[in-house]
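Undergrad: Can you build the whole structure from these sequences, using the hints too?
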Amino acid sequence: MTDIGTLFQQYHESLVRMLYRRTGDRDRAEDLAQETFARAVEAPPNNPRPWLFAVALNLVREDGRRASTRGRRLELYRHEGPQASPAPDQEFVREEDRARVRRALERLNERDREALLLKAEGFNYDEIAETLGLARGAIGTTLARARKKLVEAYREEERTDVAS
Amino acid sequence: MSHPDDGQLHALVDGELPPEEAAELDAHLRACDACRVRLDEARALLGESDRIVARLDLEPRRAPRVTRGRTGPDYRVLGLAASALLVVTVGFLALRPRRDAAPAATAMRTEDSVGRAAAPAAAAAPPVVEDQTALRRQEAAQPVERRDEAKVERAEPTVAAGQLANRAPAVVADTPPARAAEGVALNDLPPWKPKVAAPATVPAAARFRLDGLDVVSSQPLPGGGIRLVYSVNGTPVEFDQVPAAAAGPQPERDAGTNELTWPRDGLQLTLRSALAVGELERLRQQVR
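Protein sequences, first through last, are from chains H and W. Position one of the first sequence corresponds to residue 56 (our numbering), numbered consecutively onward. Position one of the second sequence corresponds to residue 248 (our numbering), numbered consecutively onward.
No wet-lab data here; the hints were simulated from the structure. One or more of the hints may lead you astray.
Quick list of in silico lysine to any residue cross-link-like pairs, SDA-like style, CA-CA up to 25 Å [unchecked claim]:
# : chain 1 : residue 1 : chain 2 : residue 2
1 : H       : 204       : W       : 284
2 : H       : 204       : W       : 509
3 : H       : 203       : W       : 279
Selected chain H positions facing chain W (in silico; Cβ < 10 Å) [stated by the list, open to error]:
#  : residue
4  : 72
5  : 76
6  : 149
7  : 172
8  : 179
9  : 181
10 : 189
11 : 192
12 : 194
13 : 214
Don't be surprised by glycine CBs; every beta carbon is placed ideally from N, CA and C.
TA: Now the structure itself:
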C-alpha cells in the first residue's frame, strides 16, 4: 500500500492541473483535488493514478456547478512582486486566450475531453482506458476525434473573437 | 493491410500500436503516399492540440489570493497544509486509545508539493492545523538549492535501459527511510522535487535526450546542433538536435532508414534509424 504522502507528492500537481483544465476554475480544481485525496485516505487504492483521476472526474460530474458558466476570471493576484509584472493588457490577452481554450474544450464530448486531458498528463492508452472505463482499442479513435475537434473549435473561437 | 483509420494513425504517433500492428502499418506506409500524408496530418493535429491544451498552464501561486475573502496559502504551504490535514484526519480516523504508537499513516513524507529550485524560501502564511507543524515548516525552509543538487546526484534511472514502454514522465517522490512512530519530522525532509532519471553521459550541449537509454556517442552538427547516437537492442538510432534557424535540408538517407522530424523549443529534432516508424514514434515519447 502506497502511503498517502507519497501519492500526494507524485500526483497532486498533475491532478490539480487536469482538474483546472477540466473545470476552468483553479480554486475549484484545488478543492476537488483535496477531496479526492481525502477519499484516498479512507480507501487507499491499489492502482493509485487511475483511481485518483477517476474519482476526481466523477466528482466533477457529480458537482453540478459548471465553471464555464461562471465566466472569465481575471486572475489579478498572479502578479509576482519582485519581478516585473506583465503589463495589464498582456495579462488580459493571455486570459482571453485561456478562455478561448476553455470554450473550445467545452465543445468536446465529455469522454473525449477527459481522454485528451489525461493524455496531457502523461497517461498511456492503458491508463486512460482504465481511468475512463473504456476499451483500450478505442483510445486511439477517441483521441483522434478529440484532437481534431479541439483544433477546429479553437480556430473557430479565434475567428469569432476576431470578427466581434 | 488496408488503409488505417485515424485511430490507428494516432495510436502510431502516440507510440501505442502493438509491435505487430505497427510493423504492418509501417509496411503499408512505405507503399502508400496518401496514408503518409494522413500520417503527417495526424502528427500536425497532435502537435497543435498539445499546444492548445498547454496554454492552460498552472502557475504556482506566490501572492496570496484576493478572492473569496481569505488569504490563500501559496502552493507549497497548501501542499503542506493538506498533508497536515491528512495527518490529522487519519489520526482521528485511525487512532486507538493507546497513544504510544502513532498510526502507520503518519509515516508520511510531507514535503512541499511544488519544489522549485529557484523559489525563495519565503515566509508563508502558517498552515491551518498545528502550531508544531508551523514551527517545523519554518525550520524546513532551508536553502532549497543545496538540497536539490544533492537530490539530482542521487537520482537513479527509472526506466531500464533498452525498455521501450511508453511511460509518463518519470516523477518519483523521494522516499526517506520510514520514520519512527513520533510522527512527521518535517525539518529532516528535503523539499520535494520530481526525480528525473540522471543522464549517463549526455553532453552539456544537448538540450534533449532519450529517457532510459544511454548515449553511445555524440558529435557536433553544423549550425550549433548535436547528434546523439543511441543503441536500441543493437540497432543504432541517431537523435539530431539542430537550431531551427540553422536546419537545412535533410541529409540523404538510405532506403532502409526511417526518419522522424519535428520542431520543439526552437530546435528541429530528428530521430533516424533502421527501426520501424512505429518504434521511432515510441522513442519520441521518451524525449526529455
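Undergrad: Now look at each hint and say whether the structure bears it out.
TA: The hints, checked one at a time:
no.: 1; hint: 204/H with 284/W; in the structure: holds (19 Å)
no.: 2; hint: 204/H with 509/W; in the structure: holds (22 Å)
no.: 3; hint: 203/H with 279/W; in the structure: holds (23 Å)
no.: 4; hint: 72; in the structure: holds (4 Å)
no.: 5; hint: 76; in the structure: holds (5 Å)
no.: 6; hint: 149; in the structure: holds (8 Å)
no.: 7; hint: 172; in the structure: holds (7 Å)
no.: 8; hint: 179; in the structure: holds (5 Å)
no.: 9; hint: 181; in the structure: holds (9 Å)
no.: 10; hint: 189; in the structure: violated (12 Å)
no.: 11; hint: 192; in the structure: holds (8 Å)
no.: 12; hint: 194; in the structure: holds (7 Å)
no.: 13; hint: 214; in the structure: violated (15 Å)
Hints 10, 13 from the earlier list are contradicted by this structure; the remaining hints agree with it.
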